[in-house]
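Undergrad: In order, the protein sequence lines correspond to chains A, B and C. Residue 100 in the working numbering sits at position 100 of the first sequence, and the numbers go up by one each step. Take any residue in the second sequence, count from 1 to its spot, add 1000: that is its number in the working numbering. Take any residue in the third sequence, count from 1 to its spot, add 2000: that is its number in the working numbering.
If you're looking for bench data, these hints aren't it; they were derived computationally from the structure. Watch out, some of these pointers could steer you wrong.
Now the stretches of chain B that chain A is said to cover, found in silico as 3 or more residues with beta-carbon under 8 angstroms [stated by the list, open to error]:
| # | stretch |
| --- | --- |
| 1 | 1036-1050 |
| 2 | 1057-1066 |
| 3 | 1070-1077 |
These numbers come from a predicted model, not from an experiment. Backbone N, C-alpha and C fix where the C-beta goes; we use that ideal spot for every residue, glycine too.
These are the residues of each chain, in order.
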Amino acid sequence: MKHPFPPRAARFAAPLLAITLLLTAISPAGAAERLRMSTTTSTENSGLLGVLLPPFEQANGVKVDVIAVGTGKALKLGENGDVDVVFVHARGAEEKFVADGFGIDRRDVMHNDFVLVGPAADPAGIAKAARAVDALARIQHAGAPFVSRGDDSGTHQKERALWTTARIKPAGQWYLEAGQGMGAVLTIANEKGAYALTDRGTFIAYRDKVGLKVLFAGDPVLFNPYGIIAVNPARHPHVNHALAEKLMDFITGPEGQRIIAGYRPGGEALFFPDALAPDALAPITLVPNGPRPAGVGSTR
Amino acid sequence: MGIVWTSLWIAATATALAALIGVPAGVLVALARFRGRGAVLLGLNTLMALPTVVVGLFVYGLISRQGPLGEWGLLFTPAGIVLGECILALPIIANLTVTAVTALDPRLLATCRTLGGGPARVGLAVVLEGRHGVLAALVAGFGRVVAEVGVAMMLGGNIRWYTRTMTTAIALETSKGEFVLGLALGLALLGVAFAVNAALFTLRGRTP
Amino acid sequence: MNAYTLHDIRIGHDGRTVLTIPELAIPAGAVTALLGENGAGKSTLLHLLALLTAPAHGRLTLFGEAVTARNRARLRKGVSLLLQTPYLFNRSVAGNVAWGLKAHGMGRAERGERVREALAWTGLEKLAERPAHALSGGEAQRLALARLLALRPRVVLLDEPTAHVDAASRARIEAILENWVREHQATVLLATHDAPLAERLGARPLRVADGTTLSGP
């Protein structure tokens, strides 16, 4: 055949090829050095990363790719070497992650706290509870509906630890496992007039959309610390360890900690920096201008 | 506006790649008579029902650092989404191409062959004569991938400014309780789908 | 010399035999008319001779060469079949004629020459740029004929070329065929139940009835 690729065929296939090439060329891939950080949905949804990361990105001319998933998956991504750094809140799982050799150099970053929310009428009377485990026992005793994340997230792990401490095996009609993110769980709890354990940040973001109230807070056991861990370069040589350390230095350094303390959407502090001595951040943390989480702010 | 563009080019690239494989494969399956052809057709039909998260999980296993293609570093990049969505669109495009070719006049094949056409030229003629059906196959494939969220979420990671598409943005806004913004993005997605379809519709109207 | 020889041919369709030919030779360089009722098996025989279908059983040779699955595609380039009702490509009249020439690997310049020539034979010059689908039934059949004759095949197979056109078109098509047969020493096989046409083309008649061929006049 003299024309193995006849003009007709070219006319038909050329647009397809052209589109493919054009689109690949325009795609914003491979511009700047990229660092991958897996984190929890609640961290991302709080909006904190939107103010915390840009100064770092600009100063270093890099991009931080934030992959927001449940804590379990965020750590799994680190185990597989699919991210360079992990930023989560599940102390036990984090320590195991480091002990198993997947991560190194875990650092405390900040904390917020968990609260128990529920319908304003509080049918189980948890507002009168002295301790978090008492509150859960009251819910179980009353058979009041409780929506669990059920997704192995940090919040879910915290919840399970609390049930264990309370020596209760949560099961039955009243215990609903959603298998979804925090926002979805709050929405479900609102619809069903149920209780739920939530981090304060997500709840504040949702407060205006749901009729739920904070019914119990302040037990130190509800303290929710965030840690940042570099994925072990000895195990995954391809990770960008140098940049991961740089990011960790930034977040746990004065500038990052100041940004965290100063992040007050709606005039309320969501996170409390933990990495530096309190006086290093004195100008901001000592002059709170909104209601602080009970039992947490007072320890500062 | 960034996510609209990201959605569009990722879906278009995935559809184009799937077309480059799926259309010839569809023509081949439609025209060739071979053992196990029925099984292939059944398989293609079944794959049309492939859940997006299954594709996402499968490709995740492939391109994760622990997977066989881990070296390429495709996970959480647009290329990773393109790969997954290409797999998603492939059975649809191949299947609808089979349908389009099967619906063609049976005299077409006899005519091509008696005029001396070899297999490649006959295949090309079949695609050109059945171009409306093949175009419909591409539109269906594009519609599936631009509207799916499972693959884009699992393989793209919903990274802002990078792999966040309209659908993963909708999932994110929904998870944040921003239902109004989620719905608005849904409408934007519909608008984009409308624009793409309208463009193809016009194109189709111009060619006889 | 024979264009075709057939020996103990059986053609099956859906598991049953639709045509049996114990022995048959079709001479080269002459016109042969396949006569018989509709459904007698004329089209089936033409599809076999066009090498579009393979026999379930038997031996077929084309110009002395046995037809096999391996050489069928190559041998098919010397043979062309005109269907009862033509299938036209969704492109221009000239584009339709060019399609086969391209398939035969002909270069652009020569192709243009052949297209013009074929359209002139069939009186379609003025319609060259028209979309093929805009043609009338008679014009469509002439275009199909132009597309076939442009290839100058050694064997021309015609399946009821005038069965589905009006009287005026039939006359034109017959004239085209008559001219062409006179000018070229091609082998022509014409399936028809129109005996006068066969006579005008000086065809040797061959009867097909009830799925078998009965040689001789």
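Undergrad: Each hint needs a verdict: does it hold in this structure or not?
TA: Against the structure, the hints:
| no. | hint | result |
| --- | --- | --- |
| 1 | 1036-1050 | violated (count 0) |
| 2 | 1057-1066 | holds (count 3) |
| 3 | 1070-1077 | holds (count 5) |
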